[in-house]
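Chains A and B, in that order, give the protein sequences.
What the first sequence shows, in the numbering used here, is residues 1 to 582, in sequence order.
What the second sequence shows, in the numbering used here, is residues 583 to 1077, in sequence order.
In short, the hints are calculated from the structure, not lab data.
One or more hints might be untrue.
What the hints assert, rightly or not - Pairs of lysine to aspartate or glutamate, DMTMM-like flavour, derived with a Cα cap of 20 Å:
#1 K682(B) / D231(A)
#2 K853(B) / D365(A)
#3 K863(B) / E312(A)
#4 K860(B) / D327(A)
#5 K849(B) / E369(A)
#6 K442(A) / D750(B)
#7 K686(B) / D231(A)
#8 K682(B) / D414(A)
#9 K815(B) / D366(A)
#10 K819(B) / E369(A)
#11 K682(B) / E234(A)
#12 K815(B) / D365(A)
#13 K442(A) / E748(B)
#14 K853(B) / D366(A)
#15 K681(B) / D327(A)
#16 K443(A) / E748(B)
#17 K501(A) / E552(A)
#18 K849(B) / D366(A)
#19 K681(B) / D231(A)
#20 K863(B) / D95(A)
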Amino acid sequence: MSRIILNTSRYMNSLRAKIEKTNALGHLRIIRRAAILLTLFYSAGFTAHAQAGIIFTDVTDQTGITFKHTDGSSGKLYIMETVSAGLALFDYDNDGDVDIYFLNGSALEGTKFKTEPTNALYRNDGNWKFTDVTKQAGVGDKGYGLGVAVADYDNDGDQDIYLNNHGPNVLYRNNGDGTFTDVTKSAGVGNESKVGAGTCFLDMDADGDLDLYVSNYIVFSYDIHVTMKMDGFETYVGPKSYPATIDNIYRNNGDGTFTDVTEESGISKHAGAGMGMICSDYDNDGDTDIFIANDISVGNFLFKNDGTGKFEEIALIAGVAYDLHGDEHGSMGVDAGDYDNDGLFDLYVTSYQSQTATLYRNLGDDMFEDVTRTTGAGSGTIPGVTWGTGFVDFDNDGDRDIFVACGHLLDNIDLFDDRSLYSQPNVLLMNDGNGRFINVSKKSGDGMKVRLSSRGAGFDDMDNDGDVDVVILNSRRESTLLRNDSNQKGHWLQVRLRGVKTNKDAVGAHIKVIAGDLVLIDEVHSGRSYQSHYGNRIYFGLGKHERVDRIEVKWIGGGVDVLTNVPVDKCLTITEETGTSR
Amino acid sequence: MGKTRKKPKRRIKGRQPPKKKSKPSHSLVKSKSPSSPSKWILIFSAIAIVGTAAIWGAKSLFRSPLDTQKKPTAPPTKPVGHSPLPQKSTAEIESADLKKEEAKLVQEVSRDFPNNEDALKLAGDFHSRHGRRTEAVKFWHQCLDINPRRSDVHRNLGIAAVDTGEFDEAIEHFSKAIEINTKAEGIHDKMGQALFEVGRYDEAVKELEEARLISPRSVMVHFLLGQANLKLKQYEKARVHYHQALEIDPGYENAYYGLARAYAALKQQEKAREYQSKFRKLEGLRAKEDRILSTGANLYTRDLTALRRAVAQTHLDAEKLYLARRDIRKTEETLKKAIEIDPNNCLCYERLGALYNMTNRPEEAVRQFQRISEIEPTNIYSYLNTGRILIQLKKHDAAKAAYARVIQIAPEQAVGYRELARLYLMTNTNLAEAGKLAQKAVNLEPSADSFFVLAWALYLNGDRTGASKAIQEALKLEPNNSKYKQIYELIKGKN
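Between the sequences and the hints, there should be enough to build the whole structure, so can you do that?
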């Protein structure tokens, strides 16, 4: 009896142990499975989080672009070394993709090159491959490149290039066959030999051809060159060490030539230190006005057009000359865009270290308000010097984000001010759709980790995949190409305008896109941001909207075309007078 | 201005009135045995000498460099003992030598004062002045490790954070500084500024109102209050604040800009245009001045001037440490070195003068204050200090001339009238004139000290009732002042 009981106990113990072991194993299995599942969920979540929003990938190495910028320096610390240069994104050969034109410095006094540096034109071959076609195209200007604008100034159906140099400027006329001809002399736009800056084509008098605004930086010659010291270290001076200068404006005569109308336009009354600029109909009155970002001198300029090409400078009254405190900034680049979708073009102006880039909200009635602080649009811009910039809807969610190219202009800044460095990461500000910007620079992919001394930046759909990519010119270094790999993007529409009665490039035309409750506006520019050019195609992010209800195009000096019920996720070319006109 | 775009700080024109300390920790002038047989002259004189000397001496010795540090300005038009404008290479050599000298001093201080919070702060300030923020922050944190209740260090850390746009961190530091010392100058305004930068305008207004109570004549505070109210759409309040800023400094151009915006918002376009025009004019003048300073030899001079000032400041910071240790020899050596480095730095002479006075070398002290008068002819404190020491040396006529000069320079300030009256009363001369001067002082500044001097003058002029009233006014303002109480009792007893 006892043996049985004993045996039973042993069995029971054994059974219990077995059960317990089984249970333990079972539990372990469950725990293991749960762990695996959790890990999977976590990873997915993490990945989703990491890839949420705007993502840029640095694809420079795979493009074949070997352009390396030079500022022509020789250690003499000439001021123009610090401000070179812009770039242009445009379709030079009309093959449907966006090509790249980089500006380059050249030998300044005291510098010798074995091979003289030139500007460089890269043809887009698709799939992020580019070919250097500078020589074939004949656009290898050896001048000291600073600013560029692109437009069809002669209305022959292809885009021409204007270079605003330190030294004589250059107008390259596109021959339509992949080559260009230097027609500067015959056109009369050499602009003598000044220190250039931003430049724009615009139809200032609405007569159907494109006039030319040329901003100038300072009056400089080698015999007035100076340097300065900071905490005992020799370094570059700023524009205040040189005389301010007026800009120039040329009226297109319609026959391939231009006339200097600086005096009669009213521009000549205002001397500054012009840098980036943009032409925009900020007041929606049907003519193109001009904003000049002046580098720490007299405040920015806002030239209001009376419709005939006569301008009145109103920046102070309008509230865009200075920041909200009335302090002048070292303004560098500027873009115009409607960040809050209220139907008015706002302005974003980049600037020097310890100054936020400034967002001026257009209030209408010729009034702007500095809303940098309430919107967060200055986030990340104080430690750096900020240059090229753009209002771009990178994630196609229906509101415009802001990209800012950064890089100091003093290459030894860290010796006397370690808050900043010559090479700086760029800044990406995501629009939250409620009038605020969030600094997502550190969460937007390896493309935002690039640290160079950036200057000009351009934003275009380089791979024709429906989102906007970024091309950056870096001082003294290779350029940067960022592919937009954002996930969860919304629908989109790209629009190319073709003028017929008005200028062929439709420069100055306004577009309004309405999709449900989403109302977006934009306009065609030639020359913008920091002394650069991009955006002949206009990009609209539509979010969840699957259809565009209405597109209105107001042609500068022309009528209005309306299209309705437009499908999305495509590139649309709208020719003047082919829509329902009104 | 150079490409580094150091924005010229808006200077507050005019000095703030001197602060009163009722219990000074140092007495610079020894009490002397009365020579006059009058008991009252003896009492009043003793109080006057001890009290006044203590006030000015303590003020001179313990004035924080943060209060008096000025941004480098254009070189004086008539430099006194200033070396000629340097050639580029001379400037380079001098810059290098200055930096070496300064680094050596900082090392010495670190060695002489190991693990000392003030020495660590000095090191942090030194690095900060030369743009080495990372190092500066390190030393400041080490200072806080020893004494977490250093509001001045929290303030510095806050400012460093503002400079890099880290406003939330700045607000944290300013909050701590305020928690430690709610009435400290120069913190509430910085806090207000940081809050403004992140769009927290309501809170900014609260902090700036506190700042206004502490520094009622701060132009920047009034201006920022204007800005914050403008953002809150309180246009009328904004307008008032801008105008208050201009009352203090009519040349403060940002206030004109603010007024233009405020009037535009109030739909008073005429006024808006008026202030825009004024702003433009001032802005144009400043831009012109900036251009002059940004050209030619001025470019090197400015940097060298700034460097000299920075290095001198490090010496002044070090001097405080050695003085606290009562190492008079080293203190004097450091101050002399500071003067050698920056011969136009008035603060250096001021502190050396105070040191000589403290160590019974009044003649040498006078010489230092006179140097200040040569460099800054409108610096009233140099004359006040000179006058006080001349009294000790019984050079009453010279003292009178010094106080007269104060009145000439600053006729709207009470101090000159008050000190001259005091001198007359101490020497029992020109008593009627003393009475008039004392009354003038009270009219300009009804402070306890002014009432005290008036009481004294009235008493000596035979008006005991008036004297009694005056001393009672002094007591109202400083009810715990035992000497005023004593005087009051004496007068009451006599009556």
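| query | Taken at face value, is the distance from the CA of D95(A) to the CA of K863(B) at most 20 Å? | reply | violated, 54 Å
| Does E748(B) lie within 20 Å of K443(A) when you go C-alpha to C-alpha? | Within the cut-off at roughly 18 Å; holds.
| request: With a cut-off of 20 Å on the C-alpha distance, tell me whether K682(B) and E234(A) pass. | output: holds, 17 Å
| message | Given the hinted pair K682(B) and D414(A), is their Cα-Cα distance within 20 Å? | response | Measuring from Cα to Cα gives roughly 19 Å; hence the hint holds.
| message | Next pair to validate is K849(B) with D366(A); report whether the Cα-Cα distance is within 20 Å. | response | Distance ~14 Å between K849(B) and D366(A) Cα, so the pair holds.
| message | Run the distance test for K442(A) versus E748(B): straight-line Cα separation, threshold 20 Å. | response | holds, 16 Å
| said: Run the distance test for K501(A) versus E552(A): straight-line Cα separation, threshold 20 Å. | reply: holds, 17 Å
| query | Do the alpha carbons of K686(B) and D231(A) lie within 20 Å of each other, as the hint requires? | reply | Holds, at about 17 Å.
| query | When you check the alpha-carbon spacing of K442(A) and D750(B), does it fall within 20 Å? | reply | holds, 18 Å
| said: Please verify whether K815(B) and D366(A) have alpha carbons no more than 20 Å apart. | reply: The given pair, whose Cα atoms are some 19 Å apart, holds under the 20 Å limit.
| query | Can the restraint linking K681(B) and D327(A) be considered satisfied, given a maximum Cα separation of 20 Å? | reply | violated, 33 Å
| message | For a C-alpha distance cap of 20 Å, please report whether K681(B) and D231(A) respect it. | response | holds, 9 Å
Violated hints, in rising order: 15, 20; the structure is consistent with all others.
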